[in-house]
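First to last, the protein sequences are chains A and B. Residue 1 is where the first sequence starts when you use this note's numbering, and the numbers rise one by one after that. Residue 234 is where the second sequence starts when you use this note's numbering, and the numbers rise one by one after that.
Mixed in with the good hints, there may be bad ones.
Among the chain A residues that face chain B by a calculated CB cut under 10 Å, a handful are [what the hints assert, rightly or not]: (1) T51; (2) P108; (3) A157.
Quick list of the computed label-pair ranges, beta carbon to beta carbon [stated by the list, open to error]: (4) V474/B x G118/A: 52 to 62 Å; (5) I374/B x A75/A: 24 to 34 Å; (6) G412/B x P73/A: 16 to 26 Å.
With the C-beta cut set under 8 Å, the calculated list includes, among others, these residues of chain B facing chain A [claimed, not checked]: (7) A281; (8) P350; (9) D367; (10) P413; (11) E415.
Honestly, the hints are just simulated from the structure, not real lab data. Ideal placement from N, C-alpha and C gives every residue a C-beta, glycine not left out.
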Amino acid sequence: MTPALAISGLSKRFDNVIALADVTLDVAGGEVVAVLGPSGSGKSTLFRCITRLTEPDAGRIQVDGQPVDPLGPSALRRARGDIGVVFQQFNLVRRRSALANVMTARLPSLPLWRVALGRYPQALREQAEEALRAVDLDAQRDQRADTLSGGQQQRVAIARALMQESRVLLADEPVASLDPDAARMVLALMRRLAKSRGLAVLCTLHQPHLAAEFADRTLHMRSGQIVAGADDA
Amino acid sequence: MDIVKNAVGPAPRQGEQDDLASAVVSRTAFVPLLGLGVAFYALCVHVADVDFIRLVEGLPRLAGWIARSWPPDLSEIDVLARRGLETVAMATVGVSFGAIIAAPLCLLAARNIAVSPLLALPARWLLNALRGIDSFVFALIFVAAVGLGPFAGVLGVALHTAGSIAKLWAETIETTEPGPVEAARMSGAGRLRVFLHAQLPDALPQLSSILLYMWEFNVRASTVLGVVGAGGIGQELKNSVDLLQFDRVLTILLVILAMVTAIDQLSAWLRRRLS
Ligand SMILES: Nc1ncnc2c1ncn2[C@@H]1O[C@H](COP(=O)(O)OP(=O)(O)OP(=O)(O)O)[C@@H](O)[C@H]1O
Ligand SMILES: [Mg+2]
Chain A
1 MTPALAISGL SKRFDNVIAL ADVTLDVAGG EVVAVLGPSG SGKSTLFRCI
51 TRLTEPDAGR IQVDGQPVDP LGPSALRRAR GDIGVVFQQF NLVRRRSALA
101 NVMTARLPSL PLWRVALGRY PQALREQAEE ALRAVDLDAQ RDQRADTLSG
151 GQQQRVAIAR ALMQESRVLL ADEPVASLDP DAARMVLALM RRLAKSRGLA
201 VLCTLHQPHL AAEFADRTLH MRSGQIVAGA DDA
Chain B
234 MDIVKNAVGP APRQGEQDDL ASAVVSRTAF VPLLGLGVAF YALCVHVADV
284 DFIRLVEGLP RLAGWIARSW PPDLSEIDVL ARRGLETVAM ATVGVSFGAI
334 IAAPLCLLAA RNIAVSPLLA LPARWLLNAL RGIDSFVFAL IFVAAVGLGP
384 FAGVLGVALH TAGSIAKLWA ETIETTEPGP VEAARMSGAG RLRVFLHAQL
434 PDALPQLSSI LLYMWEFNVR ASTVLGVVGA GGIGQELKNS VDLLQFDRVL
484 TILLVILAMV TAIDQLSAWL RRRLS
């Protein structure tokens, strides 16, 4: 079976810093893989290169068997629809509701006036409500994002990724801005979704004990390379 | 963040104490710079033909006019009020047209949207050109093109204000958070949708406040447009000064003051409500 996310030979250098050196890894559907490593070891760069928010210098990226690395701008935009992302800072639109933030996933298919006014078709609204229910936030549907707690905001971000119906979820330090209880809740949620929906989850963390508790596999990065853990699957 | 900054910032040169060095450089440059500034100012005073003797000689004439202006001539207050309204209308319609021109310009010019990277530079040139030419100058040209009256003023205000609004709007949009934009881009949406969804809601209060401010500013600025024949109360002002009817001039000044104060208050109140 082709892995949901397959990366090989991914490399990136900034001026005189080698941020990624020949990184190869696979994540299967339903699997949670944690990435640990000291600050500056290239974890965020790895995530940004997979989504090509930062252009890698070399390497292959496949999502569901489809290559992402050679795509031109418009094909890349479509391919990004297959990758859900969760950021450390949540990155919600502050002044829009939880539901509108979940709707971010469907922007490409919406007419401009609906995007501007935040008026969404009923069928999509129901789908977004469903995604919010999956992260246990149905009661906060109409609440403005900047009034939600950190843990709730991160769950909205996860619901946004669910709404995309992508098979891959990339989470760069999803719990670094959260207190321990909220952190466990978010990680447990991601794990549950991986198992129930066959989502491939790649997630950076700072605490080894959280990785041990919630991940199926842990990779260690140092100076842009995966130094251990690649083979203990 | 800090890591990135350290990586891209210039490396400190060896054996050199940057702070001390720059302090010495700026101190040695200080005296010549000050000299240059004083010389330039002196030149300006000379070129501007400053002559306080003439002011003193003119004072009695001014005093006479002020004395003759009382009591204000209220016989034509209805005409003047109508002309005042014309000025407000000119500014309001002019600013609304300006905003319509400014909207696409600012989308092209804002660096963190750049709907079309190819058009970003021409858009920035255009808005700087519009902003650089005063509405008074535009109005002068439009009076020649479309004839006397407030419509020439509307067009003048519209063009100049379009440049100002576009620049201020673009700057506001450039300060919106990059995080939500990246998240929205990850959905695969194009720049315009990303802007409407992720940037517009956060920028909207500030964008509206800028629009109100430009409106208020243009009501004040439009009082002079009548001088070039572009309608409004300024035209009455010029006529009355030319005919030395100072009681009527006083009435006009009072009408302008009342009008500007009312608009300022209204605009300030609305802007307070936005923030
Ligand atoms: N845009 C950039 N320009 C220059 N250098 C960069 C840039 N982005 C990252 N780097 C460098 O690449 C290296 C890897 O950075 P990265 O952000 O991927 O580390 P990280 O493992 O995510 O660290 P942290 O745990 O602190 O988030 C660092 O040395 C960093 O300085
Ligand atoms: Mg990082």
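### Query
Quick check: which numbered hints come out false for this structure?
5, 7, 8 and 9
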